[in-house]
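Peer 1: Protein chains in written order, with our numbering: chain A, 1 to 219; chain B, 220 to 450.
It cannot be assumed that every hint is accurate.
Partial list, derived from the structure: chain B residues whose beta carbon lies under 8 Å from chain A [said to hold, decoys possible]:
1) Gly247
2) Ser295
3) Glu305
4) Leu317
5) Pro319
6) Pro340
7) Glu346
8) Thr390
9) Val448
Only pairs whose alpha carbons sit at most 27 Å apart, straight line, appear in this in silico DSS-like list of lysine-lysine [what the hints assert, rightly or not]:
10) Lys120/A - Lys351/B
11) Lys359/B - Lys136/A
12) Lys286/B - Lys116/A
13) Lys120/A - Lys4/A
14) Lys286/B - Lys123/A
15) Lys292/B - Lys120/A
16) Lys388/B - Lys223/B
17) Lys441/B - Lys123/A
18) Lys116/A - Lys291/B
19) Lys286/B - Lys120/A
20) Lys292/B - Lys116/A
21) Lys123/A - Lys292/B
22) Lys403/B - Lys291/B
23) Lys109/A - Lys359/B
24) Lys292/B - Lys261/B
25) Lys291/B - Lys120/A
26) Lys359/B - Lys116/A
27) Lys388/B - Lys57/A
28) Lys123/A - Lys291/B
29) Lys57/A - Lys441/B
30) Lys109/A - Lys351/B
31) Lys169/A - Lys359/B
32) Lys116/A - Lys351/B
33) Lys136/A - Lys351/B
34) Lys4/A - Lys169/A
FYI, nobody ran anything at the bench for these hints, they're computed from the structure. From the three backbone atoms N, C-alpha and C, an ideal C-beta is built for every residue, glycine too.
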Amino acid sequence: MLTKEQIAKRIAQEVENGQYINLGIGIPTLVANYIPAHLEVVLQSENGLLGVGPFPKETEVDPDLINAGKQTITMLPDSAIFDSAQSFAMIRGGHVHLTILGAMEVSEKGDIANWKIPGKMVKGMGGAMDLVASAKNIIVAMQHCSKDGQSKLLPTCSLPLTGIRCVKKIVTDLAVLEIAPNGGFILKERAPQVSVAEIKSKTAGKLIVLGEVPEMQFN
Amino acid sequence: MIDKTVKSAEDAVADIQDGVTLMMGGFGLSGIPENCIAALLKKQIRNLTIVSNNAGVDDFGIGLFLKQGMVKKMISSYVGENEEFERQLLQGELEVELIPQGTLAERIRAGGAGIPAFFTPAGVGTEVAEGKEIREFNGKLYLLEHALHADFALVKAWKGDTAGNLIFKGTARNFNPMMAAAGKITIAEVEELVPVGSLDPNLIHTPGIYIQRIFQGDRYEKRIEQRTVSV
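From just these sequences and the hints, can you work out the full model?
Peer 2: Following this line, the structure appears as structure tokens:
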């Protein structure tokens, strides 16, 4: 089973040179730590910044510079600032190549639920619905099962949806999976020491196994 | 030259009454109109409808309005950092309309730009789409969303001149420029108010045409929600 850091590390292998990327809160934020140094990418924060830099030193903290998680950050030499309408124009317009976000549930058709649990306090969807409706490539980072052991990869989502038929790839603590064009989770890779049988038993939706499934490789 | 200066925050908000719709700039606590908030707290008005991406925290920003029972309805994308908000919502004292953040930004932009409605893909297939017109363009489904307007927009900029031209700083810009255009009366508070001619016209983010009143705020706390530092 992978740690959260290892999930982030595996997702970082999906990043390509020259991409503009939006990282959600949680495990997705950790992906920034593992993007190979030889790749030039630009991180977008939907509150109005391209070129998100590292957290500031104590002496550099600026309340006028935060990310979408309201954390203090810094800018980089290629950074650009813009307003919220412009920010979502570049998201809806398909200019952001890759969106990485967390989820509570993903269906075998690529539907995602990540914003609301009936009966619990609803905080809001923030920018998630805009992001999943428009990004060219959407990768979900999440645990394969919930804390009480229920599979989060389902035939259909039971929670209120954030978007439909949008997820392309899922990286969990057990596996890397792709959504098949006609539905189903194609098992692409296994976490080290995790068997296909275990993944199958913990995937409630249709799991598609094509031949030998390799273990994930970490450098 | 037109001078839009008012003396104080109190003067700027003097005619804001019970029951109005207010747009308030800011993302989290960054770029919020702190001095207008303080002046409105003293007025004890009620039944406000507030359009703001977030709802502040318990003891700062819009959270202070909630504590005084001034708010009837919030129109926001994310309201998660506020216990009093949760209490009022669960007690049925407060209405909330949650809108995808990009849709919220564009509805405000449309309001100021004379666009009555537009189609967006955000929310298709979700409960956000309930009751809305859905139309297919080039094989993809979109929702019809309508423009938002406000009786007053309260925005905060870094620098402004007496004609209302504004320059923002960092990510404190966020929703402020669109709200400036969408308010029937827009009040701008700035950290530094300068005479006309002091700002480079090439660098103005929000032209003064959208601003009816401007003043320099007495002080800015600029509270930070998540102070994260590297060593």
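Peer 1: Evaluate each hint against the coordinates.
Peer 2: The hints, checked one at a time:
1. Residue-level restraint check for Gly247/B holds (minimum Cβ-Cβ distance to chain A is 4 Å; threshold 8 Å).
2. Checking Ser295/B against chain A: minimum C-beta separation of about 6 Å stays under 8 Å; hint holds.
3. Here the hint on Glu305/B is kept, as its CB sits about 5 Å from the closest CB of chain A, short of 8 Å.
4. With a least beta-carbon distance of about 5 Å to chain A, the hint placing Leu317/B at the interface is held under the 8 Å criterion.
5. Nearest Cβ of chain A to the Cβ of Pro319/B: about 4 Å, under the 8 Å cut. The hint holds.
6. Using the Cβ-Cβ criterion of 8 Å, the hint placing Pro340/B at the interface with chain A is satisfied: the shortest such distance is roughly 4 Å.
7. Hint status for Glu346/B: holds, given a least beta-carbon distance of 6 Å to chain A, under 8 Å.
8. The closest approach between the C-beta of Thr390/B and any C-beta of chain A is roughly 5 Å, which is under the 8 Å cut-off, so the hint is satisfied.
9. Taking 8 Å as the C-beta cut-off, the interface hint given for Val448/B holds, the closest approach to chain A being about 5 Å.
10. Among the hinted pairs, Lys120/A with Lys351/B is consistent with the structure: their alpha-carbon atoms are about 25 Å apart, no more than 27 Å.
11. Between Lys359/B and Lys136/A the CA atoms are separated by roughly 14 Å; this keeps the pair inside 27 Å, and the hint holds.
12. Distance restraint check for Lys286/B and Lys116/A: the Cα-Cα separation of roughly 25 Å lies within the 27 Å cut-off, and the hinted pair is therefore satisfied.
13. Between Lys120/A and Lys4/A the alpha-carbon distance is near 25 Å, which keeps this suggested pair within the 27 Å criterion.
14. With a CA separation close to 18 Å, the supplied pair Lys286/B and Lys123/A stays within the 27 Å bound.
15. Using a Cα cut-off of 27 Å, the hinted pair Lys292/B and Lys120/A holds, with the two alpha carbons roughly 20 Å apart.
16. Restraint check for Lys388/B and Lys223/B: the C-alpha separation of about 21 Å stays at or below 27 Å, so the hint holds.
17. Simply put, Lys441/B and Lys123/A have alpha-carbon atoms about 23 Å apart, close enough for the 27 Å limit, and the pair holds.
18. A C-alpha spacing of about 23 Å is found between Lys116/A and Lys291/B, which places the hinted pair at or below 27 Å, so the restraint holds.
19. About 22 Å separates the Cα atoms of Lys286/B and Lys120/A, which keeps this hinted pair within 27 Å; it holds.
20. Restraint check for Lys292/B and Lys116/A: the C-alpha separation of about 20 Å stays at or below 27 Å, so the hint holds.
21. Restraint check: the Cα-Cα separation between Lys123/A and Lys292/B comes to about 15 Å, which is no more than 27 Å; the hinted pair holds.
22. Between Lys403/B and Lys291/B the CA atoms are separated by roughly 20 Å; this keeps the pair inside 27 Å, and the hint holds.
23. Between the alpha carbons of Lys109/A and Lys359/B the distance comes to roughly 16 Å, so the proposed pair stays at or under 27 Å and holds.
24. Of the pairs offered as hints, the one joining Lys292/B and Lys261/B holds, with about 20 Å between alpha carbons and a cut-off of 27 Å not exceeded.
25. For the suggested pair Lys291/B and Lys120/A, the alpha carbons sit about 21 Å apart, so the restraint of at most 27 Å is met.
26. For the proposed pair Lys359/B and Lys116/A, the alpha carbon gap of about 25 Å is at most 27 Å, so the pair holds.
27. Between Lys388/B and Lys57/A the CA atoms are separated by roughly 20 Å; this keeps the pair inside 27 Å, and the hint holds.
28. As the CA atoms of Lys123/A and Lys291/B are separated by approximately 18 Å, the hinted pair is consistent with the 27 Å bound.
29. Our distance criterion of 27 Å between C-alpha atoms is met by Lys57/A and Lys441/B, whose separation comes to about 18 Å.
30. Proximity of Lys109/A to Lys351/B is assessed by CA-CA distance (about 24 Å); at most 27 Å being required, the pair is judged to hold.
31. For the suggested pair Lys169/A and Lys359/B, the alpha carbons sit about 21 Å apart, so the restraint of at most 27 Å is met.
32. Taken as a hint, the Lys116/A and Lys351/B pair is honoured in the structure, with Cα atoms around 20 Å apart against an allowance of 27 Å.
33. Distance hint between Lys136/A and Lys351/B is fulfilled; the C-alpha atoms sit about 25 Å from each other, no more than 27 Å.
34. For the proposed pair Lys4/A and Lys169/A, the alpha carbon gap of about 17 Å is at most 27 Å, so the pair holds.
Checked against the numbered hints listed earlier, the structure breaks none of them; every hint is satisfied.
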